[in-house]
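Peer 1: One letter stands for each residue in the lines below.
2 protein chains.
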Amino acid sequence: MPVNLSAPRRAELLPVPGVELGWAEAGIRKANRKDLLVIRIAAGATVAGVFTRNRFAAAPVRLCRERLAAAPIRALVVNTGNANAGTGEPGLAAARATCEAAARLLGCEPNEVLPFSTGVIMEPLPVDRLIAGLPSAVNALAPDHWFEAAEAIMTTDTLPKAVSRQIRIGEQAVTISGIAKGAGMIRPDMATMLGFIAMDCSVPRSVLQSMTEHAAGQSFNRITVDGDTSTNDSFIVIASGAGRLAITGVGDSRAAKLREALTDVARQLAQSIVRDGEGATKFIEVRVGEARSADEAAKVAYAVAHSPLVKTAFFASDPNLGRILAAVGNAGVDNLDPTRVQLLLDDVWVVRDGGRHPGYSEADGQRVMRKSEILVHLKLGRGRESTCVWTTDLSHDYVSINADYRS
Amino acid sequence: MPVNLSAPRRAELLPVPGVELGWAEAGIRKANRKDLLVIRIAAGATVAGVFTRNRFAAAPVRLCRERLAAAPIRALVVNTGNANAGTGEPGLAAARATCEAAARLLGCEPNEVLPFSTGVIMEPLPVDRLIAGLPSAVNALAPDHWFEAAEAIMTTDTLPKAVSRQIRIGEQAVTISGIAKGAGMIRPDMATMLGFIAMDCSVPRSVLQSMTEHAAGQSFNRITVDGDTSTNDSFIVIASGAGRLAITGVGDSRAAKLREALTDVARQLAQSIVRDGEGATKFIEVRVGEARSADEAAKVAYAVAHSPLVKTAFFASDPNLGRILAAVGNAGVDNLDPTRVQLLLDDVWVVRDGGRHPGYSEADGQRVMRKSEILVHLKLGRGRESTCVWTTDLSHDYVSINADYRS
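Keeping their order, the protein sequence lines are chains E and B. Residue 407 is where the first sequence ends in the working numbering, and the numbering goes up by one at each step. Residue 1407 is where the second sequence ends in the working numbering, and the numbering goes up by one at each step.
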């Protein structure tokens, strides 16, 4: 059951001029489900991306890295049901063949196509079925298919994830639409499982890349469900070149405003991944302040967010909050002085100067723990840096979902 | 259900001359269960210990560190039901008061007594009930109470854990007996939750300390259940001075033999903690070879052993083994070349040169995954160092046990 998340309404998802989306049911892993997505991008668009740091990066991720650096991009091809990771040279060949087939249908060069895969690791990609599904996906291409596109990239997601926003920068209107998927193997380390955002404006490639990295850092790189970083994480931003706004460089004052709007959309998509996290019953923000560095704050936040004992206590709505202190103590912060640590749960002051606050009552802790959205606020008493990460609890359903994933 | 583990037989647990054990039901958290243990140690014994690196180290751990360095040790006092961690200055005062009361009853100095606590974190230690239970524990002191001592330190353990061994070093017989407890919050980072081993021989303090660190490194520091390091981990080794074997220094050739026997006992206790891990249905050894350093091998082994996705696949007996590659890719090994990685599951070669072995069949993977004891053997193709860690799967019962722990 997702936490305070519903499917986007179809009518709220806005077309982005210069971008068309088409899907097919290619039967890659299961019959009768959308599992193939093609995104066609207008000539003149710029595309930026960030990818997983997993050393077993999937074949499509390796091709994406090469191609983004080398050529303009005219299309994305995304399949679910198979990750094409841990598949060696045959996996690379399968990803290349996919791009060649798509390029023939779309009338572009193979190296102008980026491939993406998500699903089971270490099984051969059924490339024949994938290629057989491409004509139907290409026939379906249209600008108003964001909802179907969000559905076509789902795996264990229970809901499609999509966000649209229209902003005004100076005189110019800009439309930003994005989709994402992911529910497990979520601890992105450059990006989420898969996220695609398009904007109808012009942005030079290098500026777009820096905006994309900023947005990922504030969104997909701040979430975790189970601490497992996927082999296939990819986050792609398209500036389609349609629309009248043209950013000229990093110094452009409108760039900052566009970057914030992009980051907002990315953050909302990232949070929707956590809300739909496998087995999630709670949405938890772990905020860490008064750290010496942002890295140190992140270490502590992730130590709390990854602790199975903290996560099961949230699942049980049990204010067994000493487990949070134990996790802080394990975060590997040098010379942490426990007597300077404060912990608040929403508005309840739980730990003062490293020990239980004299005014803390179990009833107050219990009241907050019963909520579906909870803020864990830690202050380390060491400096001025801070960060926050978003995560879920650990429930029986997480175990069920992942024990049965392939069946 | 513990994995291939049964309770030790009372008759197999051998007294260690110079060491007596007594217990009480002090009602610290629950009535009618053994929750207090006193161990009396003969004058002239040496005692060594290693402790948690958790920055929120419990009050008793802090006292142990001070006292071990300063004075001879004549007694240990252990309570369950309350960890006396995250309790600030009142926690330290409670631990000191415990030692003072024990010292009065035993006729020694308070700083010759080491306190140990395990249980819920961040709740005040009910020191009055603890002290009220001490006379009964002291009255029960006897050399043949190792079984009852193992019972008295249990928390979520389903079975007491104790091991005895008799060895011969040259002409001298040495008896080694030990107990341990722990089932969750297990990823020791110097020692287990609680482990106590005694030997009836004489060993200088500095030699005993180095033997203790060696034994911990090969046993308690190689296990993990849930990746959470406790605030209270303590591992203590007593050389009672009784018996005829007297080690004179590190250079003593008999020291190596004693060290190996001690390490064997520690390893068996550590493995019994994993076998009784919360919700465990499988006992898994993760062996990593061909690494550039032991640290690098350990990083990879723990990345696999901590991955919730790997652990749920083991629970399901599902050979979804790509998850193991994804975990290896996340271990943070610089410049890991995936095409040099090999994976064997027991005798089944699953991954050759980074991809699925052509001869691998799902049926073979399935056969191994159904077993209750499984070896995950990774070779990184980078060097000559290796290590192994022992862990469990992640089951519904782990979630149930930790969601309900305090109720």
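None of these hints come from the bench; they were simulated from the model. Heads up, some of the hints might be wrong.
[Claimed, not checked] Sample of chain E residues lacking proximity to chain B, with all beta carbon distances greater than 10 Å (derived): (1) Ser6; (2) Leu14; (3) Glu25; (4) Ala31; (5) Asn32; (6) Arg55; (7) Gly86; (8) Pro135; (9) Thr175; (10) Gly184; (11) Ala294; (12) Ala327; (13) Ala331; (14) Asp364; (15) Val368; (16) Lys371.
[As the list claims (entries may be wrong)] Computed spacing ranges between beta-carbons, pair by pair: (17) B:Asp1404 x E:Gln166: 30 to 38 Å; (18) B:Leu1375 x E:Arg53: 51 to 59 Å; (19) B:Val1250 x E:Gln366: 38 to 46 Å; (20) E:Glu100 x B:Lys1371: 39 to 47 Å; (21) E:Gln166 x B:Thr1158: 27 to 35 Å; (22) B:Ala1069 x E:Asp337: 16 to 24 Å; (23) B:Arg1340 x E:Ala69: 23 to 31 Å; (24) B:Asp1404 x E:Asp347: 24 to 32 Å; (25) E:Pro17 x B:Asp1353: 43 to 51 Å; (26) B:Asn1335 x E:Asp337: 33 to 41 Å; (27) B:Thr1158 x E:Ala69: 53 to 61 Å; (28) B:Lys1371 x E:Arg53: 29 to 37 Å; (29) B:Arg1340 x E:Arg53: 17 to 25 Å.
If you're wondering where the values come from, they're calculated on a predicted model, not measured in any experiment. Glycine is no exception: its CB is placed at the ideal position from the N, C-alpha and C atoms.
Peer 1: Can you give the numbers of the hints that this structure goes against, from lowest to highest?
Peer 2: Hints 6, 7, 10, 12, 13, 17, 18, 19, 21 are the ones this structure does not satisfy, whereas the remaining hints hold.
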